Every structure is written in structure tokens, then in C-alpha cells.
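**Q** Model the full structure from these sequences, guided by the hints.
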Amino acid sequence: MKFKDTFLFFITTMIFLIITPNAQAAQGSPALEREEPTYYNGKVLQDKGTHPKETKHIQHKEKALPSEIEHQNKAGLLIEDDPLTDKTYHQENPRKKETAFFNEDNIHNKTAFHIERSRHNSNKFRNKDGRLNVKTYHQEHTHKRKILFHSEEALLGTLANWVKLTYGRINPVEKYDVVVVGSEPEGIAAAIAAAREGQRTLLLDKKPKVGGLFTLGKLNMLDINWSQTGESLNQGLFLEFFQNINNRTSFDVEEAQRAFENMLAREKNITVELNVQAFLPIMNKNHVEALFYKNEHGELKKIIAKQFIDSTANADVAQLAGASFTIGQEDFRNEPKMMAVTLVFEVAGINWEKVKNYLNQDNDFYTGADNYSAWGYGSEMKKYKSLHENVRIRALNIGLQNNGHVLINAFQILGINGLKFGDLQAAKKIANEELPHIVKFLRDNLVGFENARLISLADEVYVRETRHLNAEYRLTVDDVLENRDFADRIAFGSYPIDMQATTIEEGDIIIGNPVQYAIPFRSIVPKGFDNLLVASRSAGYDSLAHGSARTVPIGMTVGQAAGVAAAYTNKQNIDFQTIIADKENRHIRRIQAILNENGANLKPILQHKNPIMDHWAYEGVKFLRRFALIAAGYDNKYNLETTISKGEFVNLVEKIAKYIETPSPIHFPFAENVYEQNVIVRDLLQFLRYNRLEVNSLSPTIKKELQSEGLEPTSIVSKALVYMFIKEFFELKNAT
249 MKFKDTFLFF ITTMIFLIIT PNAQAAQGSP ALEREEPTYY NGKVLQDKGT HPKETKHIQH
309 KEKALPSEIE HQNKAGLLIE DDPLTDKTYH QENPRKKETA FFNEDNIHNK TAFHIERSRH
369 NSNKFRNKDG RLNVKTYHQE HTHKRKILFH SEEALLGTLA NWVKLTYGRI NPVEKYDVVV
429 VGSEPEGIAA AIAAAREGQR TLLLDKKPKV GGLFTLGKLN MLDINWSQTG ESLNQGLFLE
489 FFQNINNRTS FDVEEAQRAF ENMLAREKNI TVELNVQAFL PIMNKNHVEA LFYKNEHGEL
549 KKIIAKQFID STANADVAQL AGASFTIGQE DFRNEPKMMA VTLVFEVAGI NWEKVKNYLN
609 QDNDFYTGAD NYSAWGYGSE MKKYKSLHEN VRIRALNIGL QNNGHVLINA FQILGINGLK
669 FGDLQAAKKI ANEELPHIVK FLRDNLVGFE NARLISLADE VYVRETRHLN AEYRLTVDDV
729 LENRDFADRI AFGSYPIDMQ ATTIEEGDII IGNPVQYAIP FRSIVPKGFD NLLVASRSAG
789 YDSLAHGSAR TVPIGMTVGQ AAGVAAAYTN KQNIDFQTII ADKENRHIRR IQAILNENGA
849 NLKPILQHKN PIMDHWAYEG VKFLRRFALI AAGYDNKYNL ETTISKGEFV NLVEKIAKYI
909 ETPSPIHFPF AENVYEQNVI VRDLLQFLRY NRLEVNSLSP TIKKELQSEG LEPTSIVSKA
969 LVYMFIKEFF ELKNAT
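With the sequence shown counted from 1, adding 248 to any position gets you my numbering.
Calculated from the structure, these hints are not laboratory results. This structure is a prediction, so every number in the text was calculated from the model and none was measured. Backbone N, C-alpha and C fix where the C-beta goes; we use that ideal spot for every residue, glycine too. It cannot be assumed that every hint is accurate.
Each computed DSSO-like pair below joins lysine-lysine, with the alpha-carbon atoms no more than 27 Å apart [unchecked claim]: (1) K631 - K604; (2) K633 - K677; (3) K677 - K631; (4) K903 - K533; (5) K885 - K903; (6) K602 - K631; (7) K775 - K585; (8) K894 - K775; (9) K894 - K975; (10) K533 - K819; (11) K677 - K688; (12) K894 - K906; (13) K975 - K585; (14) K870 - K906; (15) K585 - K668; (16) K516 - K423; (17) K516 - K549.
Restraint-style ranges between C-beta atoms, simulated for each label pair [claimed, not checked]: (18) V421 - S572: 23 to 33 Å; (19) P911 - E942: 18 to 28 Å; (20) G670 - T826: 38 to 48 Å; (21) N638 - P948: 19 to 29 Å; (22) D830 - E924: 25 to 35 Å; (23) E754 - I822: 43 to 53 Å; (24) D862 - P948: 15 to 25 Å.
**A** Written out as C-alpha cells, the structure is:
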């Protein structure tokens, strides 16, 4: 046999061994060293002798892999810049581009999918039972660099396939104690905390510099969570960063960049790698065995670590690992709407002293200014007429820079899906067209802005909301507004629940204003996972609780706790599920002790009971509040003794029916021409009859309150009674 033929035979054999999960060539790879199926994204890719449709019968009882591309594309999870997407392959192999499953306009290119599938549908590549004979097929196609699988066994054109082609041939494998993905402020805190506990730590990011939202997004005004005594509840590493930026409520972005870089540079146990092109966790069920990533030079690297922390803004690693999430506000709206996104913009020519004097003397309690920050001009900005339909600008949050310029956070773009690259690009295009118009308005209408001129936009869109992790515990709106403490506390918050609008028809609302609440460790542990934490705004917070917990100071405190917890589990040779399962919280108390030694100040919360909790109608308040249909504002006032109009009643009932998908239609006993009139007792009684419910089915509490109103048919009822009535109506409606 000639040398060329021998070489081709050797290459063919090696490729086949690589893609066969139980082959000896794969035994040396930690993720495949057991005789188990190959996992990708927490699901079975292939098993020796097992057809994809039969994988549900294998020993490990893993679900058969659905068409992962199609499934995730429907959910709006895959984007052009997603870690899954491997553009480099097609840049290097342009003549094969027509076979890709991905293109820039449609993540799942169905036409290409069927073209590619048809190429291995021929009977000559199939066994008698109709299944694809992978060995025969690849012997026929050894000249191809790209190896094809059944459509449900691999993701063509992705890093997943590249990993399978290269698996077991990466040398050397790099080992770390802790890997943190994402150099947002939360990730920086996590990496530093782990390193200071003696852990060899790797910090990875696709971005070109650290700091994320603070540096690339230029969000320079801090949402500090204040205690009742005027101190920051978020201490530890956040306080260290705060001191490094000279305790400024609005910091200079370049100064913040240097502060983060210096904090990282001082840690000898940290390796930082930026400009990463893609990454992919390799899973053994709910355990991260390894992480593959492609560095800025296109080199594929394999990382083995004991613990992994996902501090990407969208929890990309956890999503790729198979953790589950809700998207946007689907947890209460039943649709994945997301809060408005913002592009921070830089303006020069501002007279800061005039701004300070005006906002401090305008007799508006909610406006003001100091030496670095200013907030206000809300009444003036209401007069702005936007060029685009889904754009508006609210009251300005203004942060002074060292060069005399200001950064402004106020420009809202609605209807943007922060998980879609195309949407984010569209947002930037809208901003470029709208901002000159906005700056002209500022120049013509705002005191201190007479000489304003636009300098630049932030490099990165400020995305407030995307995924919400289904963690071992999900923080709720009631947890936040009832000021709840948890035995496994790792951070505190007190920021108001600030819900930015999702559509142009909505307004921004403040659901309520907590005194102090705790965030439990369980909220950063993906459900069922043992060596992965999520320390970012996409952690385990319900979408309304996230309106408070998403602030960066809380995130940095959570990140520090994640880093310490990762180090602790390594030293104790346990996992995160062991920590959670400890009913006596011995491990948690030790982690808290380490955090307190490093300035976290995690003490039990003094009881701060919200007075509304003692109101007889509080259950009705909670019911409507969890749909964001009522809000108490900064003052926590629900005005329960005031009246409610028929139109408001109809609006509340119709929205809840939509959100919870009430099976049968709801009927109202009054016409639109009386919607401005107040709800009276007769309205409630007729509403029940119209919907085939009896008054006797109401609870004794509601009956008692109706009696306290005198049971006169024309008696006007309060919001308190209406809220409780609506709650019981839906409970009765869903029970029938």
C-alpha cells in the first residue's frame, strides 16, 4: 500500500474513532471517559448503535435530542453573535457555505438543512433497518473536511461539530480551579474573590475589554442600594471598586476601566483572556466536564475546571449547558416581552453649574444634582416628539466625566429582543438617526444645555432584561417588597422595583420600594446543576424581582459570593447541591463567614414589615401585583381606600385573563359609554351572574366587606374590595 493510501486510511480510521462515543480514542477525554452517551447542551447526541428516535430508551434515560436549532430559534434564543455560531468555519470554507444550517438572516436555514440531509439519505449509506451507517458514509466522504451526522445528532456549521472533529486531539489541556465566563462587573468580582481564596482562576470574555456595561455600555451612574442609615448595603468588592473610583455616584468611564484592570492585575492567580470568539461547555448530565473555546486567533482550547461561574449578561454558558430559563416577562405576561433597551450617549458643551442650580431649585422632590450626577428635566422631556415609532426619552440621568462631557441615560428603544443580534443592530441604527434630533431638543429647551453637541454613542446597547434562570430558588416580588431574609443570604438589596416599559403604549412603573431584602445562594444555582453558578442579571430572579435585583452593585456582591462559594466547594471537595441539601446550613455559614472576613457584612436583617401586609385586602394586592397591574411607587402607597372606575376594572380583568389564559370568555355587564363611572356594588353582583357564578361562592371575607358597604346596590366600592373580588373571581373561574 502506498504511503498516501496508508495515510488516508489512518486519517479515516481516526475520524471514525473520534466521533464514536465509546471508542478507545475518546477514553482519555474526561467528558467521555465513562461508557455513556455523548452529551451536548445537557442532552444525548449519539449512543453506539442507537437511533436518535430511540435514545429515550437508553440506560441513562436522557430525552432524545430535538432539532436543537429549530427549537431554540422558535424561542428566540439563538442570535448571530451567539456562542453556538461558528462563522469562521464558513469564512475558511466558502465553497461549502451553501450547506450551512445558519445564515445571517435566518438562524435555521431550512432549505440548506434539507439539501444537506438529502446528501446522506441514499440507501447505499443505510443499514437494513434504515438507519444511517456512519462508518460507510464517512469512508465514502473522507475527502471532506466537514463530517455530516443525522440532523438530530449534530449541529452542522457550529462549534459543536468542530469540537467533535478535534475532540481528544487538543494538546495541552489547560486546568483551572475556577473558570469565570463574562467580564461584566459581576464576573470581575467573582474572579477576584476566587483568586483571593487561592484558586487558579481563568476569566474569559468575548468582549475586547473588561467592565462590560460600565465600560462598553458607558452606564456610569450607580444604582446604589442604601440602608436606612445611609450606608451602601453592598460592600466587599463593590465597596473596593467604589473607593477606586473616588466614591463617585457617577464615575468617569476611563477611570472605571483602569480600576477594574488594576484590581485584576493585582491578583496573581487570575488569567484574563478577552476577544474569545466562541465557547461551548461539555456536559455529563448536569455537570460541566470541560469548556471548549476559540480564542481571538481562532485556536480551539479545552479547559478543565472544578467549578464554573457564568457572569455573561445573558447567562449564555448556562443556556448552552442546558439550564432552563424564562424569557423576558413570560413568567407573568405569558409572552416574552422585555424591558426597553437604552443607548447611553455622550454630550459636550454642558454648563454643569447651571444644571445643578436649576435642578436643585425647581421645587421638584424627585430631581436634583451633586458634583457628579444630575437627575431631572422630566417635565421638559415629555414635550419631545420622536422621529421613530418605538422611541421615547424620559427624565434624564446625567453623569459628569473628567473631560467635562456628560453621559446621558434616558433614551428608550422599545420592542427590542436583547437576545437577537439583528434587533440590537436595529436599535443602534435607530439611535444614530434619532440622537441628533434629541440633542437639538436639549439645546433648545433645557437650562444648561444651550451649547450641547453630540459626541458619541456607547459601543454596547444597555439591555435590561433577557433570560431569567430557573434556579433552585427564584426570588419573587413578594420576597423583595416584604423585605424577606434567607438563611442562605449572600447579598442584600433595597433598590426600588423599577420596571421600564416593554411597548410604547406602556409607562415605566415603580412596583414598590423595599427597605432591605436578602438574595439567597440558591438563586444563583441552576436547578439540578452541581458545579455551575450564574452570577449576573440573568440569575434566578422572577422578572418583577429582577426589576430591583438587576442593579450592578447587587450583582458584584453576588459575584463575590459566587467566587467564594466556588473556592469553598473545591477546598471541601463537595459540590453546590451538597451545600443546598445541608438543612443545618453549616456550609452556608462558613461561606458567609469568609465573605464577612472580606467585608461583605452579611448579618440577619432586622424586621422591616411593610404596613400593607396587615391590610385585610393584602392577598388581593399580591394577586394583582404579581402581574404588575398595580404599583405602589417610591412611597409604597396603594391607595386602597380610593375608588376605581368601570374602565379600570375591565382593563384589570381582561389583562389577567390574557396572562393566565382563562379557558372561557369573560362577560361584563356594562357598556363602554359608562367606563368612566365608579364601580358600585351592583356592578360586582351582575358581573358574577354574567359569568355564571353565585354570590354565595364568595369567601366570608368578601361577603363581610360587602355588608360593611351597606349592600346598597348603588354603593361605590373601594379598590381594596375590587382587588379581593378580582382575585376570588379568577380562583372560582379556574375552578369551574
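**Q** Hint by hint, say whether it matches the structure.
**A** Against the structure, the hints:
no.	hint	result
1	K631 - K604	holds (22 Å)
2	K633 - K677	holds (18 Å)
3	K677 - K631	holds (23 Å)
4	K903 - K533	violated (39 Å)
5	K885 - K903	holds (22 Å)
6	K602 - K631	holds (21 Å)
7	K775 - K585	holds (24 Å)
8	K894 - K775	violated (43 Å)
9	K894 - K975	holds (17 Å)
10	K533 - K819	holds (23 Å)
11	K677 - K688	holds (18 Å)
12	K894 - K906	holds (18 Å)
13	K975 - K585	holds (24 Å)
14	K870 - K906	holds (18 Å)
15	K585 - K668	holds (13 Å)
16	K516 - K423	holds (16 Å)
17	K516 - K549	holds (22 Å)
18	V421 - S572: 23 to 33 Å	holds (30 Å)
19	P911 - E942: 18 to 28 Å	holds (19 Å)
20	G670 - T826: 38 to 48 Å	holds (43 Å)
21	N638 - P948: 19 to 29 Å	violated (48 Å)
22	D830 - E924: 25 to 35 Å	violated (58 Å)
23	E754 - I822: 43 to 53 Å	holds (46 Å)
24	D862 - P948: 15 to 25 Å	holds (19 Å)
Consistency note: the structure conflicts with the earlier hints numbered 4, 8, 21, 22.
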